[in-house]
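The whole structure should be built from the sequences, with the hints applied where relevant.
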Amino acid sequence: MGKAIINDIPVEFEDGMTILDAAKRVQVNIPTLCKHPDVAASGACGICIVKVKGTRKMIRSCCTPIEEGMNIITHDTELVATRRTVLELILSNHPNDCLKCGRNNNCELQNMVADFGIREENFKKVVRELPIDRSTKTIILEPSKCIKCGRCVTVCQETQNVWALSFLERGVETRISAAGDIKLGESPCVRCGQCSAHCPTGAIFEHDDTIKVWEVLQDPDKHCVVQIAPSVRVAVGEGFGMKPGTNLTKKLYALLRRLGFKAVFDTNFSADVTIMEEATEFVQRFVYKKGPLPLITTCCPSWVDFMEKFHTDMIEHFSSAKSPQEIMGALAKTYYPETRKIDPSKVVVVSIMPCTAKKYEISRSQDMFASGYQDTDLVLTTRELIRMIKQAGIDFENLPDEDPDHLMGDYSGAGTIFGTTGGVMEAALRTAYHFITKENLKDVEFMDVRGLEGVKETSVTIQGSKVNIAVAHGLSNVEYVLNKVRQAKENNEPLPYHFIEVMACPGGCIGGGGQPYGVSNEVRAARAQGLYEDDEASVTRCSHDNPFVKKLYAEYLGAPLSEKAHHLLHTKYKPRPEYKR
Amino acid sequence: MVKLSMAQLDSFKRKKEDGVVVRVGMSSCGVAAGSKDTFQKIQSELKANGIDAELMKCGCLGMCYAEPLVEIERHGVLEGTYGNVDAKAAAEIIQHHLVKGNPQAAEISKYRIVTSEKQIRIVLRNCGVIDPENIEDYLAQDGYQGLKKVLTKGAPDKVLEELKLSGLRGRGGGGFPTWMKWSFARGVQADQKFIICNGDEGDPGAYMDRSVLEGDPHSVLEGMIIAGFTVGASRGFFYIRAEYPLAIERIQKAIDQAHEYGLLGEHILGTKFSFDLEVRLGAGAFVCGEETALIASIEGKRGCPTPRPPYPSVKGLWGKPTVINNVETLANVPVILNKGGEWFSQIGTKDSKGTKVFALTGKVKNTGLVEVPMGITLREIVFDIGGGTANGKKIKAIQTGGPSGGVIPEQFFDTPVDYENLQKLGSIMGSGGMIVMDEDDCMIDIAKFYLGFCVDESCGKCAPCRIGGTQLLGYLKDISEGKASEDDLAKMRRISVAMQKASLCGLGQTASNPVLSTLQYFEEEYRTHIKDKRCPAGKCSQLFNYSIIQEKCRRCTLCQRNCPVGAIPGDREQGFWIVPEKCIRCGQCFEVCKFGAIKR
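Sequence lines, in order, name chains Z and G.
Quick note on my numbering: the first sequence kicks off at 1 and runs consecutively.
Quick note on my numbering: the second sequence kicks off at 1001 and runs consecutively.
Hint data in this document are derived by calculation from the structure and do not stem from the laboratory.
These numbers come from a predicted model, not from an experiment.
It cannot be assumed that every hint is accurate.
Unchecked claim - Below, in silico cross-link-like pairs of lysine-lysine (DSBU-like), each with a Cα-Cα straight-line distance of 30 Å or less:
| hint | chain 1 | residue 1 | chain 2 | residue 2 |
| --- | --- | --- | --- | --- |
| 1 | Z | LYS124 | G | LYS1491 |
| 2 | Z | LYS57 | G | LYS1315 |
| 3 | Z | LYS125 | G | LYS1539 |
| 4 | Z | LYS484 | G | LYS1533 |
| 5 | G | LYS1582 | Z | LYS57 |
| 6 | Z | LYS53 | G | LYS1491 |
| 7 | Z | LYS309 | G | LYS1118 |
| 8 | G | LYS1533 | Z | LYS125 |
| 9 | G | LYS1315 | Z | LYS24 |
| 10 | Z | LYS484 | G | LYS1301 |
| 11 | Z | LYS57 | G | LYS1491 |
| 12 | Z | LYS183 | G | LYS1301 |
Here you go:
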């Protein structure tokens, strides 16, 4: 703790706090283009400069810790003029195509230029034309729009430990690219999209499928159905000025019908199905010793891709249950048309996901064509959906509440918390407990697996047996957990964990790479809270109690891990080379 | 060799020997000038004449303008320094000086060099005196005596006190007090600390550090070992740019020899103190001379600076406290500890103590390495040591501090040189480049050259440096081509100031210095370029207006035949003229005309 002064206002601060953060305590937001709450300060943009009163030297507030007795000025004529010049310099190095840029109206650079009232270009334009990299079909790299803030490189290397992105060349030639100057699609990129969620400009952008979705919706020959991922409902409102965590499930159902979908399903339902399969798998391995432990969750396509590239020794530990998106896709082209007597070849499955990697998942292997067709046809991220709503001119906020199509629309509380870190684990434990004990838990909430701690370790006792669990999110946190498993295996020691949940993005899907911009831990916590409240408000808290899940098994699949379930709802994994040539 | 003990160290001390020593300067520059031939000739001459003399290969003697250099010493007294000694001259010198015993012989007086007494050699004390590849030579010159004193007293705080008393400041350019840097690192608790010697000298025209590394490697080694002992580090790195192969070779040899003699490794000189060193090569990025970028480079990362704080002395290489000192700073350390901080503090000015090595180049007669006490005036350096201009033209300015420095016009030449004074004049001390310019040098051209260097070397991380530098260079180019407007000068000032204030590291913060200082002192020259489209120094070729002086033209057709764009019509009957619209101002006609008939 210490005391300092900012703009003549006394401020108290904790040790190590930066000037930038301390200034927020006195209601000053020092402008910056490179600092993001998720990444360590790099000092790249040079906008956040401040002065110590009485000196002329300017220091970067993003990376300078505030010290006892410091007297800081955050704006005076000279500071504002210098910031303005730097901003004009950045602008001189940035293409002028705001009107047709994906970030138009939602761009940190554009906003700041507007705030500074820059009306003319004083300096010469020095923009390097660089090829656009569309090779991943999920994330588009447009390096000429990059302002070299370094956020994407830091999240890719430090937060995600993927090291697909890198800066190449030097000086004014500096550019972002897949490391080694190859195509991103040939790199170790796992398509998590965290780079795109952190980019302040339009340099990294999700592949846009909205036009394709409009096309299929208008095609009289197609029967379009849709599914909404758990975490979308608590984030989509941010696109309309609502608070993070605002639960808009029922408005989304209404919206999607108005957009023209013939059936509106909920990925929360298929999450319940995933749990039925995965919890059964766990019980098989834990109680009946059929298969190796720990069991590792596989709902996250970036995590699956990461494992297939970097942790192939863990393949046998992976749950073979497909992700909720793919389970919904497979059922929407078999169970649904069979029940409704529709031609499955006409069904188009669109999913609304918080995630860019889901665009990759729909064709990641032959198993994604289990219905005989591509199970899921198109994926929109939350950000794309927001644009679609605006294109359609729908007054989203004032839509009436509607219900989903019940066949695959009703969900349990366990299904909804899939969207946050720890949620899959919690949901699986609720059902695994039931499968083992034939009873339901009295208290279904596992507080130890909740929250934004990078790795959460705890244990749960089921019928006298201790189940050790770990939950990791943010791919850089995986190493620690997996190494503990490896070490134990090597030394023939007891297993550190029996069950591991991994989600690639920090916070899980609520912090997904396709979610609305402006994510931070506060936003993540608010979105997670929205899901936990949804869970609490649910009549059914456990997947196995969902009446429509029961109906699905009774009328169609038989039992979890049945032959039919195996065919439709399970997949295999294979090592993938880190670099393709 | 058995590892040395403290007592044994003294046995190497130089005794006033009888006999003759002949030294040949064999640094990179000497070798390039042909000193290998000189050496061989002397060797054979000595043998042929039966003269019993010790022939030594030594480091840089500093007088680059007169390489190859030879010195002859008798009974420890220097009898003569000879310059421009090729094989023929070598034979003459040996003949007269040693065989006939007449050092004053008129036949060899043309080779004799008299150096200015204004130089004081502390850093360069052994350069050109000892054989850098022989540790015993260094030991003979009180080598490792500073370390011995430090280890005998055994108190790191004593070292800090002595350094504080000496007033030594970092010679890499920043001028940060060395004792303070060391005491920060000493004050941090850590399981591992590091010492790094910054040998990434990259300023155009500067070679102070190379000369020390090549000519006296052990003094830098000794400085690092003392630093290690003082801050509690057990490992150190020499970061040397790969373009210095001879320096790398000699440092490696010095490390190996120090190991052999028990001056590096476990239990140095039989004490509990252990310290080891290794060499890391820089890949040629100028910005890797900046502390944090240098650390990133050693760690194997992209060589880009990171924000400070945390300072490397608290959190440096691999997150551990790290002291990074420049070659010249470290070479000062052993002498200070051997002779005492009090002695060192007698030299120099109030705030800048000791000496500074400069690489004096440009339009000056005696180019070379000079070591002068702080406080000496620029005029003394340029005229008394440098001998003024070689061509008799008027000296216009001096550029100090390398690409990050500024240009100081002649009217300020009486300023005593120290860190603060140079900064007040809009330049910096830098690592010690000093380039003298005369009337033929165009200030826009100079600014363009230095800024161009920094633009090339910008790591690209921070916006002010990355984009600001490029923009400035664009304006300078426009000015030199007559395409700029006077409004551009205000824009240039605005960008320059923003770069100074908002760049992340020293490179960006100082990259605009050449522009600002030339604008400050030579604004008229800028305006002449812009308004009159004329370059007074005759450097900016795009501003030339070539024409043929008919009275001088002999109609030889050479210009016409050499013009690459056919801009010179005419024939021997009518004469020749240049069509300005076609002329690309390449200067071919000017070059080839034998009669001075082309005007520009």
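Earlier hints that do not hold, by number: Hint check: 4, 5 and 7 fail, others pass.
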